[in-house]
Amino acid sequence: MQVTRPTASSCPSSPSAPDAMNYSPRRPHHGPLQGWKPAARRLLSAAAAAVAIPAQNRTQSSPSRRQSSNPRRPSPRARMRAEKRASIEILPKKMKKNRERFCNREREFVYEFKVGNQCLELRVPLRFPVQENASHLHGRLLLLHDLPCFIEKDLKEALSQFIEEESLKDYDRDAEAALEAVKSGEVDLHQLASTWARAYAETTLEHARPEEPSWDEDFADVYHDLIHSPASETLLNLEHNYFVSISELIGERDVELKKLRERQGIEMEKVMQELGKSLTDQDVNSLAAQHFESQQDLENKWSNELKQSTAIQKQEYQEWVMKLHQDLKNPQNSSLSEEIKVQPSQLRESAEANGRIYEEQRKLEESFTIHLGAQLKTMHNLRLLRADMLDFCKHKRSHRSGVKLHRLQTALSLYSTSLCGLVLLVDNRINSYSGIKRDFATVCQECTDFHFPRIEDQLEVVQQVVLYARTQRRSKLKESHDSGNRDGGSDDKTKNADRNYLNILPGEFYITRHSNLSEIHVAFHLCVDDNVKSGNITARDPAIMGLRNILKVCCTHDITTISIPLLLVHDMSEVSR
Numbered sequence: 008m009q010v011t012r013p014t015a016s017s018c019p020s021s022p023s024a025p026d027a028m029n030y031s032p033r034r035p036h037h038g039p040l041q042g043w044k045p046a047a048r049r050l051l052s053a054a055a056a057a058v059a060i061p062a063q064n065r066t067q068s069s070p071s072r073r074q075s076s077n078p079r080r081p082s083p084r085a086r087m088r089a090e091k092r093a094s095i096e097i098l099p100k101k102m103k104k105n106r107e108r109f110c111n112r113e114r115e116f117v118y119e120f121k122v123g124n125q126c127l128e129l130r131v132p133l134r135f136p137v138q139e140n141a142s143h144l145h146g147r148l149l150l151l152h153d154l155p156c157f158i159e160k161d162l163k164e165a166l167s168q169f170i171e172e173e174s175l176k177d178y179d180r181d182a183e184a185a186l187e188a189v190k191s192g193e194v195d196l197h198q199l200a201s202t203w204a205r206a207y208a209e210t211t212l213e214h215a216r217p218e219e220p221s222w223d224e225d226f227a228d229v230y231h232d233l234i235h236s237p238a239s240e241t242l243l244n245l246e247h248n249y250f251v252s253i254s255e256l257i258g259e260r261d262v263e264l265k266k267l268r269e270r271q272g273i274e275m276e277k278v279m280q281e282l283g284k285s286l287t288d289q290d291v292n293s294l295a296a297q298h299f300e301s302q303q304d305l306e307n308k309w310s311n312e313l314k315q316s317t318a319i320q321k322q323e324y325q326e327w328v329m330k331l332h333q334d335l336k337n338p339q340n341s342s343l344s345e346e347i348k349v350q351p352s353q354l355r356e357s358a359e360a361n362g363r364i365y366e367e368q369r370k371l372e373e374s375f376t377i378h379l380g381a382q383l384k385t386m387h388n389l390r391l392l393r394a395d396m397l398d399f400c401k402h403k404r405s406h407r408s409g410v411k412l413h414r415l416q417t418a419l420s421l422y423s424t425s426l427c428g429l430v431l432l433v434d435n436r437i438n439s440y441s442g443i444k445r446d447f448a449t450v451c452q453e454c455t456d457f458h459f460p461r462i463e464d465q466l467e468v469v470q471q472v473v474l475y476a477r478t479q480r481r482s483k484l485k486e487s488h489d490s491g492n493r494d495g496g497s498d499d500k501t502k503n504a505d506r507n508y509l510n511i512l513p514g515e516f517y518i519t520r521h522s523n524l525s526e527i528h529v530a531f532h533l534c535v536d537d538n539v540k541s542g543n544i545t546a547r548d549p550a551i552m553g554l555r556n557i558l559k560v561c562c563t564h565d566i567t568t569i570s571i572p573l574l575l576v577h578d579m580s581e582v583s584r
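Going by our numbering, the sequence shown runs without a break in its numbering and finishes at 584.
These are computed hints drawn from the structure, not numbers from a lab. Here a beta-carbon is modelled for each residue, glycine too, at the ideal position from N, C-alpha and C. Treat the hints with caution; some may be incorrect.
[What the hints assert, rightly or not] Lysine-lysine pairs mimicking DSS-like chemistry, simulated, CA-CA at most 30 Å apart: (1) K265 - K401; (2) K559 - K540; (3) K370 - K321; (4) K321 - K403; (5) K401 - K321; (6) K384 - K559; (7) K284 - K401; (8) K401 - K308; (9) K308 - K266; (10) K314 - K401; (11) K403 - K266; (12) K444 - K403; (13) K483 - K384; (14) K540 - K370; (15) K559 - K444; (16) K121 - K160; (17) K401 - K370; (18) K401 - K444.
[As the list claims (entries may be wrong)] Distance windows between CB atoms, simulated: (19) R112 - N556: 48 to 54 Å; (20) H197 - S310: 45 to 51 Å; (21) D223 - N248: 41 to 47 Å; (22) R180 - D225: 52 to 58 Å; (23) E224 - Q297: 15 to 21 Å; (24) K176 - Y475: 44 to 50 Å; (25) Q297 - E373: 39 to 45 Å; (26) E224 - S541: 29 to 35 Å; (27) D464 - E263: 44 to 50 Å; (28) D464 - D536: 25 to 31 Å; (29) S221 - V291: 55 to 61 Å; (30) L267 - S487: 22 to 28 Å.
Starting from the given sequences, assemble the full structure and let the hints guide the process.
What follows is the structure, encoded as structure tokens:
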């Protein structure tokens, strides 16, 4: 039976018989499930169309007989073009040199079946190794050539068996060729043995190298054990002492910067009074430049001192926690038995004189419980609260409760499946120089983070990731731009991509992790534009889409509590219409 493909573009790998004797157009497919009688009737009537010919007469047919049985037979040149289009070209992606002699060969699959008294034959050339799924090839044969449904199962088994047997023969020939190459000396035996040994050692579990323990993972496990033990009070007291120390250092920095600005303001006023008399604009500009350099030097000095102090505190804290964990395992050999008995009355509250106590405002809040879902409902608790977003990050200290009540729950859930998150609305620049980003960075610097990198280090990593992503996206846009130039258009998209090369787009967000904040562990920095403030926001707005993606991240990463700014704004204002 001759099998042909209608066009090369519609089915790039449809099978066909290279020794086709006749050609006829394929009939429309009506489905093999309509019964075998219509299919058999089509096959029997196809004798005149030469879709199928009896196997016993296939080699004995004379040209005159073929001419009379198919008056619409195409010319030999057209038949050759059809055969060339119908050949299957399934080539492997990568092939070794010693396989080229046996692989990439064409073998013919022959399948015989009976329809009534007629014995029909299907011949399909296949090129090995066959990388196509046998089920897909079988289904395409049935659909393209209207084969009867009663041979479907038997044809699939025969095709799969043929591909498996021929593939095994190729493997055997390949193995014999490899052995002959080793015997003849074409392959270095020692190099082959070392390659096999290395591959076996790298792929088997018993020879795999054990993973080296990570300091961060060990510290996380130890901290999780201690914070859920009676030593939790000791840990919180030590963290509070470090917090007070950094707060005092920040207070000294603020006082010194304030004095410098006041002194510079007085100097600038004196210079402005002499402007036009004994001084010129150039003298004023020179003095302003000196003032700016003095402020930068002082800020850099305090920044380096804070960075060094937090690094020392982090190292001391981690070493002390590891030592405390070992000490609690062996209480008889304890060297810290007196040190861990820190009482709450010993907490250092001297920093309150610096005026850095956060006054608690009277909170207005209301809670709701909602159920979402049609069939499988999920319950969510909503709390509408009047507060500043950074109030969830600041440490509140007072004589009544100290810091423990605000920090205990956050510390207990730090390495758990119930994390707390916060959404901050930021601009498209990844830094902490202005706006709420600067205020958030200031709060993060007030207490040492003993578990995660500093906020500045995390932002540097985010910048590198964004730069890499933008580079990849820019290369793809450039390719589409080149193809678009041939078709015309897409100049605006490329210019927009170049302009926003180092910034994030509205709706995108980056994540920072924290263990030194009051009530949150994760901060989502969501980029928004002016459309949020204008009030003309829709369900497809980038800010809404970004918020949806944030909720997806929360569901997949065990963030069970998240604080979102109401109406996606940090400052409430009345708009007159």
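Hint-by-hint comparison with the structure:
1. K265 - K401: holds, 23 Å
2. K559 - K540: holds, 25 Å
3. K370 - K321: violated, 34 Å
4. K321 - K403: holds, 21 Å
5. K401 - K321: The given pair, whose Cα atoms are some 19 Å apart, holds under the 30 Å limit.
6. K384 - K559: holds, 17 Å
7. K284 - K401: violated, 51 Å
8. K401 - K308: Cα-Cα ~25 Å, so holds.
9. K308 - K266: Between K308 and K266 the Cα gap is close to 15 Å, so the pair holds against 30 Å.
10. K314 - K401: holds, 19 Å
11. K403 - K266: Between K403 and K266 the Cα gap is close to 27 Å, so the pair holds against 30 Å.
12. K444 - K403: Answer holds: K444 to K403 is near 20 Å, not above 30 Å.
13. K483 - K384: Roughly 42 Å separates the two Cα atoms, so the pair is violated.
14. K540 - K370: Within the cut-off at roughly 25 Å; holds.
15. K559 - K444: holds, 24 Å
16. K121 - K160: holds, 14 Å
17. K401 - K370: holds, 16 Å
18. K401 - K444: With a Cα-Cα distance of about 14 Å, the restraint between K401 and K444 holds, given a limit of 30 Å.
19. R112 - N556: 48 to 54 Å: holds, 51 Å
20. H197 - S310: 45 to 51 Å: Distance hint for H197, S310 is violated at roughly 59 Å.
21. D223 - N248: 41 to 47 Å: violated, 23 Å
22. R180 - D225: 52 to 58 Å: For R180 and D225 the Cβ distance comes to about 54 Å; the hint holds.
23. E224 - Q297: 15 to 21 Å: violated, 50 Å
24. K176 - Y475: 44 to 50 Å: holds, 48 Å
25. Q297 - E373: 39 to 45 Å: At roughly 55 Å between Cβ atoms, E373 and Q297 fall outside 39 to 45 Å, so the hint is violated.
26. E224 - S541: 29 to 35 Å: At 47 Å between Cβs, range violated.
27. D464 - E263: 44 to 50 Å: violated, 26 Å
28. D464 - D536: 25 to 31 Å: holds, 28 Å
29. S221 - V291: 55 to 61 Å: holds, 57 Å
30. L267 - S487: 22 to 28 Å: violated, 53 Å
In terms of the numbered hints stated before, the structure departs from hints 3, 7, 13, 20, 21, 23, 25, 26, 27, 30, listed from lowest to highest.
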